[in-house]
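Here is how the chains run, residue by residue.
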Amino acid sequence: MFRETEIVKDVSSIPPFPQDAVQGGGGAGDLIINVGPQHPATHGVLHLVITLNGETIKKVEPHLGYIHRSIEKMCESLTYRQFIYVTSRMDYLSAHINNHACALCVEKGMQIEVPDRAQVIRVIMDELTRIASHELWWGAMAMDIGAFTPFFHAFREREKINEIMEETCGARLTMNYYVPGGLRADMHPDFQKKVKEFIVLFKRKIDEYDELVTGNIIFINRMKGVGMLSKEDAVSFGCSGPAARGSGVHCDIRKLYPYAVYDKVEFDEILETGCDSLARYMVRIREMKQSVRIIEQLIDHIPEGDFQAKTKAVLKLPKGEFYTRVETARGELGVYIVSEGATTPYRIKFRSPGFSNLSALDSMARGSKLGDLVAMMGTLDLVIPDIDR
Amino acid sequence: MWSLTNISTGIHDWLIQTFNPTWALIIEMVIAGIAVIGLFAVLGLVLVLMERRVAAWMQIRLGPNRVGPFGLLQSAADTVKLLVKEGMTPDGADKFLFNLAPFIAMMVAMLLMVPIAFAKDFQLWDLNIGVLYVSAVSSIMVISILMAGWASNNKYSLMGAMRSGAQIVSYELSAGLSILTIVVLTGSLNINDIIIAQADGWWIFKGHIPVIISFVIFIIAVTAETNRAPFDLAEAESELTSGFHTEYSGMKFALFFLAEYINVFIVCAIGATLFLGGWMPFHIGNWESFNHVMDYIPSSIWFFGKTFFLIFVIMWFRWTFPRLRIDQLLNLEWRYLLPISMFNLLLATAIAILGWHF
Amino acid sequence: MSGSTIIFYLLAALTLVSAVLAVTTRMIFRAAIYLLFSLIGIAGIYFWLQYEFIAAVQIVVYVGGIVVLIIFSIFLTQQAGDELPKQKMGRQLFSALAAFCGLALVLLQIAQHAFVETGGEVVAPTVANIGNQMLGVNDGGYALPFEVVSILLLAALVGCIVIALKSKPEQT
Amino acid sequence: MFIVKYIKDVFSGIKSLLVGMRRTGYYFTHHKEIITEQYPDNRDTLVMADRFKGEVVLLHDENNEHACTGCTACELACPNATIKIVTKFDITPEGKKKKALDKFVYHLELCTMCNLCIIACPTDAIKMAQTFEHSVYDRAELTKILNKPDSKIREGVE
Chain A
42 MFRETEIVKD VSSIPPFPQD AVQGGGGAGD LIINVGPQHP ATHGVLHLVI
92 TLNGETIKKV EPHLGYIHRS IEKMCESLTY RQFIYVTSRM DYLSAHINNH
142 ACALCVEKGM QIEVPDRAQV IRVIMDELTR IASHELWWGA MAMDIGAFTP
192 FFHAFREREK INEIMEETCG ARLTMNYYVP GGLRADMHPD FQKKVKEFIV
242 LFKRKIDEYD ELVTGNIIFI NRMKGVGMLS KEDAVSFGCS GPAARGSGVH
292 CDIRKLYPYA VYDKVEFDEI LETGCDSLAR YMVRIREMKQ SVRIIEQLID
342 HIPEGDFQAK TKAVLKLPKG EFYTRVETAR GELGVYIVSE GATTPYRIKF
392 RSPGFSNLSA LDSMARGSKL GDLVAMMGTL DLVIPDIDR
Chain B
49 MWSLTNISTG IHDWLIQTFN PTWALIIEMV IAGIAVIGLF AVLGLVLVLM
99 ERRVAAWMQI RLGPNRVGPF GLLQSAADTV KLLVKEGMTP DGADKFLFNL
149 APFIAMMVAM LLMVPIAFAK DFQLWDLNIG VLYVSAVSSI MVISILMAGW
199 ASNNKYSLMG AMRSGAQIVS YELSAGLSIL TIVVLTGSLN INDIIIAQAD
249 GWWIFKGHIP VIISFVIFII AVTAETNRAP FDLAEAESEL TSGFHTEYSG
299 MKFALFFLAE YINVFIVCAI GATLFLGGWM PFHIGNWESF NHVMDYIPSS
349 IWFFGKTFFL IFVIMWFRWT FPRLRIDQLL NLEWRYLLPI SMFNLLLATA
399 IAILGWHF
Chain C
-9 MSGSTIIFYL LAALTLVSAV LAVTTRMIFR AAIYLLFSLI GIAGIYFWLQ
41 YEFIAAVQIV VYVGGIVVLI IFSIFLTQQA GDELPKQKMG RQLFSALAAF
91 CGLALVLLQI AQHAFVETGG EVVAPTVANI GNQMLGVNDG GYALPFEVVS
141 ILLLAALVGC IVIALKSKPE QT
Chain D
82 MFIVKYIKDV FSGIKSLLVG MRRTGYYFTH HKEIITEQYP DNRDTLVMAD
132 RFKGEVVLLH DENNEHACTG CTACELACPN ATIKIVTKFD ITPEGKKKKA
182 LDKFVYHLEL CTMCNLCIIA CPTDAIKMAQ TFEHSVYDRA ELTKILNKPD
232 SKIREGVE
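Residue numbers (our numbering), protein chains in the order written: chain A, 42 to 430; chain B, 49 to 406; chain C, -9 to 162; chain D, 82 to 239.
Bound-form chain A, shown alone (with noise of 0.2 Å):
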């Protein structure tokens, strides 16, 4: 049986933790500040400890658990047909894109052949997805770095996403739309209708985004060679997602490994080599463009079929391991199943993609101003509950 305790099989084989991470500042003049776990920069319930030497940051420490609910413990008590839906609380921004991941880890499991037209329908809802949660981004990144006015316009065009997901899925935020073996309902009647008309006026409005923020010249000079991550740190730390994308690692599972019907879509990986913020930054603006693309490729080409296939009354996964990934707005997801071959897994695990570009931002703000650290953060996507689940 497979125990967690096997994995690490010789504790002296782990590099000690570096010195210079443990003692760091506390020197003379050094000024140790928390941010969080309430402050309005961290969107949540993070902690930081900043080490300062004037506005220089000398070391920034995480500290993690103010939301921890313990999701994989409570999926372990749950059914495959009821973990699902938890799902949606971890990435609360990707909750489409993270029930992807469990449903086809299940169905992989099962070896369920998931209705062509409840992939495409997937699809369109994971793009839909992206553009909602980098739509949020957008406006809170502005926000944090101080300009208030691009967070109200993003939530103008990220409203008639949540329209469309209403409509569909009944809800706004935490849609529990997947379920093992397809969807859950068939599309509204005037889904495509609608997704149109949003492309046509999310293509008009992306341009003002460039107006507001992209070009304007503080915006550039506050982002430009802050927060910088190498490619070989990238690759170290885990980093995945436009975190990792902004630096020039190729890691877009939609294009590594393809699922549901991203094999059959047109859509490039957007890599940008600069490395900073600035990068990382363009890397979501372009990635929304690829989502329009690859939606209005599939939007009229919804194949008829059944939306869902055809499934046992109680889902039971044979004994073994199982693990899917799926790219979320914030990088690439796993879920790693362990069965028993009963009703429930005996041990879920997800890798969720916040903690990895977390444990990144130490290195990325070393020797930065206070004030960078909140672009940086800004323009790694943090969702806490995502880190902590």
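Careful, some of the hints might be misleading.
Below are the PhoX-like pairs computed for lysine-lysine, each with C-alpha atoms no more than 20 Å apart in a straight line [to be verified]:
1) 330(A) - 296(A)
2) 169(D) - 225(D)
3) 265(A) - 89(D)
4) 203(B) - 410(A)
5) 143(B) - 99(A)
Since the hints were derived computationally from the structure, they do not count as laboratory data.
Add chains B, C and D to chain A, keeping to what the hints say.
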């Protein structure tokens, strides 16, 4: 023609006739004090409401619209709320300085009202160094921020105070230099002289490019001096929660808040006086009939119109731009604004000597 | 006693009381604030004398410049919040003596100086006149003192930079 | 050239700022773009999506009859123990004992609107309602009994 001058001279004459001169002076002082405090209250209410409306419309929102017609009583309701709130003093704070700081901020704002000409011949004190007085007294403002930041015994407050100190001290230079451009052109520090010198056209129109440049620099520098976005590093809420007034609550916070808005009003009034002619109506050279038509609009309306236009511009900045970083803020001052304004002052001096301005 | 005299005594009291408080308080930041009030009081006396230009310059230079610099240097040292220790007896005696000597010197100067009323015409404090006086090299011009003072300030500036730079190599 | 670059920097910077100000200025003057919804005022015209998941309701027809057999499929499907079915035994006319619904206890405060109970129900007795104003002063009010008093199962539903 209706004007504020008639009212003020009327009251003055009546007082002189009724009381002996000392009592008349004291009563006039009291009236002036009450008028300043009243103006403060009204300005505070109006500016807060204006800021919220401007912000809302730029952010495709409606803004306050629940309290009173069109939300006009919203800021009055906010004031009542702040008045009845508990004003806490944190443990470990230097209580004397902590409670003193908001009053210093307020007193500075009141003192700054003194030389401003609100309308033709309507001024508290016609100082012969009016412009210098404003830039001198406004430099005391930084002390109250430093005091508040230090006395709060909070690291965020202290950092906010340090930032704001560095910022105000450096931006005073370019604000002063751009004021000097006008002083050089006019040859006087007296605010009334400066306004009268613009009787045949405002400086921004007849001063060529140097005055336009110094106008732009002035607006940028005073935005920074009043700690408004994009230079609101002292209270940068996403970095320092609220900067120097993190620990303040209730009326003590409200005094800081009010002082900020009054300062915005004052710097905009100075900007309007120096560059846009203060209460001087829109005159063009020697188009006598046109100038005469313009004179029918009361001078106070001209003054407040110009001032509120500049306030709107500063609010427009706030709701459009992201915040600068502290080193970029100082870079902007020392690498761009200061050299440009020094060079610009030279140009303006050359123009003044050669008499090239209209 | 006329109103004008009352105002003078109020200003004088503000200046003196805050000056005494500045040297007796144990908290260094408060000392700086009391110094500030003392300087503002002096500026007030200039205003009372209707030396508006000098008063404004007093505020610009001392309040806006010097006191802010003092406060900054207090912030940058570590013990801003601590109470200063009580000084030794010898030191107290010595500083009292120094203060007394200074006072004696000033009083001596005042006693020896014959104050004569200038019957001449008062120069109007216009910008042109102030400029001519300050930069004039002929009789009655203040160009030399002006430049000497600015050299002093330059020296202080260079000193500040040297002190600020000194701690850098130790830390890195 | 250093000077040329310096001047170019200044002008391109100012231009980028003006572009942003033009955008906010546009919205400042175009009030038709305002998207604020004045919620309690527009309650009459507010249209909820027909699939909106507000709360679970047990459907009753005009004869005060529902379709719940008390099979507890929804109770089993619920991940949060939101639903508790209390059953009783009815005596059928033939004199046989038959399991029937006594109380359909629904804890709204625990419900996450995941819709799994609706899917699980074999007789389509329950559905999601579009109400969303659930705030009450006492938490106990959120625990609801969904079957109406004296309601009984519809004829023919097994």
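Checked hints:
| no. | hint | in the structure |
| --- | --- | --- |
| 1 | 330(A) - 296(A) | 16 Å, holds |
| 2 | 169(D) - 225(D) | 18 Å, holds |
| 3 | 265(A) - 89(D) | 19 Å, holds |
| 4 | 203(B) - 410(A) | 16 Å, holds |
| 5 | 143(B) - 99(A) | 32 Å, violated |
Figure legend: structure checked against the earlier numbered hints; the only hint not met is number 5.
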